[in-house]
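Protein chains in written order, with numbering that gives the first Met the number 0: chain A, 0 to 534; chain B, 0 to 430; chain C, 0 to 154.
A few of these clues could be false.
Straight-line Cα separation of at most 30 Å, DSSO-like style, residue types lysine-lysine; simulated pairs [as the list claims (entries may be wrong)]:
id	chain 1	residue 1	chain 2	residue 2
1	B	Lys420	C	Lys95
2	B	Lys73	A	Lys71
3	B	Lys367	C	Lys70
4	B	Lys186	A	Lys60
5	B	Lys420	A	Lys71
6	A	Lys138	C	Lys70
7	C	Lys99	B	Lys367
8	A	Lys71	B	Lys419
9	A	Lys84	B	Lys193
10	B	Lys193	B	Lys73
11	B	Lys193	B	Lys205
12	A	Lys133	B	Lys31
13	A	Lys293	A	Lys392
14	B	Lys193	B	Lys251
15	B	Lys236	B	Lys31
16	A	Lys189	B	Lys186
17	B	Lys205	C	Lys15
18	B	Lys419	A	Lys63
Rather than coming from a laboratory, the hints here were simulated on the basis of the structure.
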Amino acid sequence: MADSTPEQVTLTIDSQSVTVPAGTNLIEAARTLGIEIPHFCYHPRLSIAGNCRMCLVDIEKMPKNQIACSTKAAPGMIVRTRSDKAVKARQGVMEFLLINHPLDCPICDQAGECVLQDFSYHYGTGGSRFEGQKVHHDKNVDLGPHIVFDGERCIKCTRCIRFCDEVTHTHELGLFSRGDHTIIGTFPGKELDNAYSGCTADICPVGALTVKEFRFKQRVWFLRNTASICAGCARGCNVNLGINEERIWRITPRDNDAVNQSWICDEGRLSFQIYQQAERLGRALTSSAGGATKEMLVASGYEQAAATLGEIARKHGGATVAGITSGHATVEEQAGLKELIERAGGSRIALPVHERGDDDALLIRRDKTANTVGARLAGGANCTMEDLLTAIKIGKVRALVVLREDFLGEFGAEAMTARGALDFLMTLDWRVTATVKASDVALPLSAYGEMDGSFINFQGRIQLLRPGLTPYEESDPAWKPLLEIASRLGGAAVPKNFREAFRWAASRVPELSHLDTPALGKFGVSLESPASGQG
Amino acid sequence: MTSQEYRPLLLKNIHRPDSTSLSAYRESGGYKALERAVKEMTPEQVLEEVKASGLRGRGGAGFPTGMKWGFLPKGPGEKYLVLNADESEPGTFKDRLLMERDPHLVLEGFLISCYAVGCTHGYIYIRGEFVDPWRILLKAVEEARAANLAGKSILGSGFDCEITIYRGAGAYICGEETALLESLEGKRGMPRLKPPFPAQVGLYGKPTSVNNVETIANVPLIVEMGSSWYAGIGRPKNTGPKLYCLSGHVRKPGVYEFPLGIPLKELIFEHAGGLLRETRPLKAVIPGGSSVPILPADKCDVLMDFDSLAAAGTMLGSAGVIVLDDSVCIVDALLNLARFYAHESCGQCTPCREGCGWYVQILERLEKGEGRSSDLDLLLDLSDRIQGNTICPLGDAVAMPVRSYVTVFRNEFQYHVDHKKCLAEPAPAPV
Amino acid sequence: MIPSQATQLQIDSAIKEYAHTRSALLAVLHLIQRERGYIAVEDESWVAARLDLPPAEVAGVVSFYTMFRTKPPGRHHIQICRTLTCQIRGCRELVKHLEKKLGIQDGGVTPDGRYSLITVECLGSCGTAPMMQVNDDYHENLTLERLDALLDSMK
């Protein structure tokens with residue numbers, strides 16, 4: 000909590016009284032009353048430019064209209080957003096903005112979520128008195144690896160420039176020329192290639208900046224947004240999954256002050272592509288002679304795994320049963336693996352590290368797994384991969400259960416040697432990996448976008464992953480098969496749904512025991528300060 | 000005192016041989032006011048004198064100079080005075096004359112002004128095209144520094160003041176004070192949002208006052224002769240000498256100095272030699288630079304001061320008096336100005352960026368005889384949408400003449416619509 | 000392109016004039032244009048590095064100010080004022096005359112690189128209209144005869 004509550008000011012907007020903290024601008028003050036003051040250039044996370052003039056409002060005792068974005072609420076101020084003076088100015092701005100605009104909504108990707116289109120409908124006059132020659136600018140300008148620019152749709156609000164100046168501090172974009180020839184661009188030969196370039200398209204209020212990987216793919220009104228989180232690194236950026244016809248078409252950032260503000264990195268934005276490119280595992284597989292694998296019923300997989308793990312534990316001791324958990328897995332899945340290993344009498348659980356590059360100053364973490372914290376807290380990770388491989392080689396581990404990891408693919412010859420020393424290898428994964436192919440039993444898991452789950456990010460914030468797609472074939476979140484097998488080894492009843500699974504997992508971890516899924520909401524909860532949800 | 004007896008105060012040196020040299024300036028009593036200010040007066044006393052003189056800014060807005068300085072925080076602390084030498088309002092060419100012919104007057108005024116507000120580093124922003132005046136000013140600053148009139152402890156007074164001359168690079172908008180400050184910081188000259196005003200957040204984020212060259216050239220006079228003497232020149236609330244720029248269809252165009260409040264017709268017909276051609280009577284006068292409303296010939300019995308012209312529905316502005324005889328087609332003239340503003344709009348805010356070009360397109364079709372009656376109301380309506388709704392006064396500067404020309408000369412615009420030609424009879428170019 | 004040693008020395012002292020390096024940008028660009036006649040993309044890169052500014056900012060500034068040219072002008076860069084007073088005092092005739100005499104349009108450069116012609120907005124010399132600026136110098140109170148004489152004097 001802040002040391003002192005900020006000073007409050009009371010003002011009147013459209014005849015309604017409102018009290019806001021001193022320093023609040025009129026757009027935000029009106030928002031608290033549910034009054035929309037239309038704007039293009041204003042963005043709460045960027046500096047005030049005041050150039051679009053769309054937010055002009057009529058303030059008593061002021062001869063001229065004032066822009067609401069740069070006007071701070073003052074005690075006793077009387078603001079009119081719908082007076083003739085304000086309406087006429089706003090209609091003027093709308094008409095001016097459209098005279099040089101191509102009005103190509105039918106072929107524009109922004110249509111459906113275009114602020115210009117929306118405001119034209121709500122605040123324009125429905126027609127234009129302009130009948131001259133439009134100023135022409137370059138269209139289809141390749142600005143960088145992910146962004147295409149249409150100079151004619153651009154309304155010069157400079158949000159994109161301010162983003163590159165103030166958020167990424169990379170300064171690729173600039174304003175060139177002047178008057179109605181003013182245009183946005185990069186320096187000749189330079190690209191808009193910062194790690195967050197896609198955000199420029201998100202904040203572009205019109206269709207001037209579009210993301211190459213999404214443009215012309217889908218009409219936005221066909222997309223259904225699923226509020227989820229990005230699984231690309233330990234940040235856990237809040238996102239929307241744009242889904243239609245059982246497919247993720249794009250990932251866009253969802254505001255969360257505590258995690259990612261309004262941004263995501265380009266890698267996270269495109270992270271769904273891997274789920275569409277990889278070969279999926281849709282059925283349970285069992286090994287047959289010669290290492291080939293054949294399909295079986297999932298339930299048969301549970302039986303086979305339980306029987307084999309039980310037998311190895313009896314023959315060689317429970318301690319020879321070990322697991323590889325994953326930072327890619329959810330808290331419930333990690334807890335499920337821990338439960339199974341412990342049910343079999345084992346305790347050794349390794350956690351592979353997936354790090355790349357460095358942490359940056361904005362969002363990106365070098366830890367490329369979303370739930371490393373969960374793996375330690377709920378998953379019981381207690382050894383390194385090197386320790387585990389050594390233990391296998393010297394015969395201390397004879398059965399291994401692998402959760403969402405491809406250790407054979409990643410650890411090469413050393414891992415293959417270890418595989419030779421194992422009596423039993425079971426893998427649970429969403430795709431067909433080298434490890435899956437070499438397993439005695441492989442069980443199909445749901446992938447990103449297909450399942451509920453919780454992740455704990457590097458800040459210690461627990462957040463919910465949400466599904467928007469039907470689980471692939473016979474896949475499940477891993478807690479289900481893991482607890483099914485554990486129950487066959489004497490464990491408790493298997494949770495019937497995600498909420499039960501979460502409650503079950505949380506109950507076993509002191510830091511989580513007070514939590515239930517509704518409390519996590521859309522923005523998660525910090526485990527360090529329980530009240531730090533958004534807002 | 001009649002204007003015939005008036006002896007120039009601001010232009011008194013310009014005809015002296017070698018008028019740009021320090022020695023010539025000193026011979027005519029130059030730098031005595033600076034010496035008096037820094038040695039015998041406190042900065043507050045200088046500021047009070049300027050306030051009491053009634054001096055109003057000569058750049059266009061006519062805001063009282065002393066009051067403007069008074070907005071700067073008192074006492075020590077970094078603050079800046081910036082001399083606006085970016086003279087570029089069409090019809091205006093007085094500051095250039097001062098800088099070219101009497102640079103030390105400008106410099107002395109600037110140094111005294113810096114002293115009055117407590118500024119120890121003043122900047123002179125001169126328009127880039129003025130290469131000669133720039134070189135002359137550079138030399139004058141060098142001379143002044145060598146004579147201990149600028150730099151450390153001026154004339155042994157303990158008052159330090161550095162002067163830096165900064166060249167613009169071609170942008171009318173940089174005459175707007177916040178655009179000027181952006182330019183001075185090495186940026187595109189795009190006006191800033193106000194508030195905050197420069198007196199709070201100006202150059203490099205510090206309190207700043209931006210003043211016009213002619214305004215500052217009045218300051219030595221006020222210090223030397225006293226504010227009550229100064230306030231006796233001109234008319235109440237419109238005090239002091241004024242430089243009037245006469246151009247267009249007059250016999251003797253040029254800069255004329257008279258007290259504020261001289262009759263416009265006297266300026267044109269007595270001092271500027273009357274109209275260029277006997278066969279071509281007066282049609283209209285633009286009294287204050289291209290941005291102000293136009294006066295038709297029958298409304299030209301006005302006094303040339305801030306308040307009288309405001310009462311007549313126009314402005315003194317920069318006192319750029321453009322005289323138009325009846326060979327001028329008003330549609331053509333307005334198209335010329337609309338093109339100017341479209342070219343000079345910085346492009347930052349929507350109404351000005353888009354509106355200027357739209358004006359041009361409408362005026363082009365009217366000029367070609369392809370317009371419609373509704374275009375006249377459209378022009379007026381666009382002015383309503385632009386004026387008062389832009390970041391800086393450039394929007395007003397284009398909207399005001401458009402509204403005024405279309406209103407005052409509506410019959411000429413209508414004639415273009417109805418007859419597809421000019422009402423005015425063009426005269427052969429006088430070149 | 001790298002400015003000459005002499006220009007670089009002037010650039011160094013221009014930068015020293017300002018406590019805030021960025022303020023030197025216009026002065027530096029003027030110096031480079033003085034040497035080369037225009038500012039090339041490579042110059043903008045060089046200036047950006049020298050002043051530690053984003054190149055897009057430098058190019059944005061160059062494109063804002065009309066005096067900065069990004070293409071080579073003629074040896075005699077003729078700028079005719081076209082704003083109101085000059086227009087009513089005959090600048091259109093001057094432009095027509097020049098276009099015919101030089102065989103180029105507004106904005107053009109003669110094939111021999113001797114002259115370039117451009118119309119510009121008000122140069123602040125309305126009392127001596129019509130007028131033009133050739134390189135640094137103002138030529139005022141022009142008539143067709145004076146214009147011809149001036150052209151002949153330009154090598």
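**Request:** Verify the proposed pairing of B:Lys73 with A:Lys71, using a straight-line Cα cut of 30 Å.
**Result:** 26 Å, holds
**Prompt:** Does the structure keep A:Lys71 and B:Lys419 at a Cα separation of 30 Å or less?
**Reply:** 51 Å, violated
**Prompt:** Is B:Lys193 within 30 Å of B:Lys251, Cα to Cα?
**Reply:** 41 Å, violated
**Prompt:** Keeping to a limit of 30 Å between CA atoms, is the pair of A:Lys84 and B:Lys193 held or broken?
**Reply:** 20 Å, holds
**Hinted pair B:Lys419 and A:Lys63, Cα distance within 30 Å** = 38 Å, violated
**Request:** Compare the distance between the alpha carbons of B:Lys193 and B:Lys205 with 30 Å, and conclude whether the hinted pair is satisfied.
**Result:** The hint holds at about 15 Å.
**Message:** What's the verdict on C:Lys99 and B:Lys367, does the C-alpha distance respect the 30 Å limit or exceed it?
**Reply:** Measuring from Cα to Cα gives roughly 24 Å; hence the hint holds.
**Message:** Against the 30 Å threshold, does the CA-CA distance of A:Lys133 and B:Lys31 hold or violate the hint?
**Reply:** 59 Å, violated
**Request:** Decide if the proposed pair is consistent with the structure: A:Lys189 and B:Lys186, CA atoms, cutoff 30 Å inclusive.
**Result:** 20 Å, holds
**Asked** Has the given pair, B:Lys367 with C:Lys70, been kept, meaning a C-alpha gap of at most 30 Å?
**Response** Status violated; Cα separation ~33 Å.
**Asked** Is the Cα-Cα distance between B:Lys205 and C:Lys15 30 Å or less?
**Response** 20 Å, holds
**Message:** For a C-alpha distance cap of 30 Å, please report whether B:Lys420 and C:Lys95 respect it.
**Reply:** Satisfied, since the Cα-Cα distance of roughly 22 Å is no more than 30 Å.
The structure does not agree with the numbered hints 3, 4, 5, 8, 12, 14, 18 stated previously, though it agrees with the rest.
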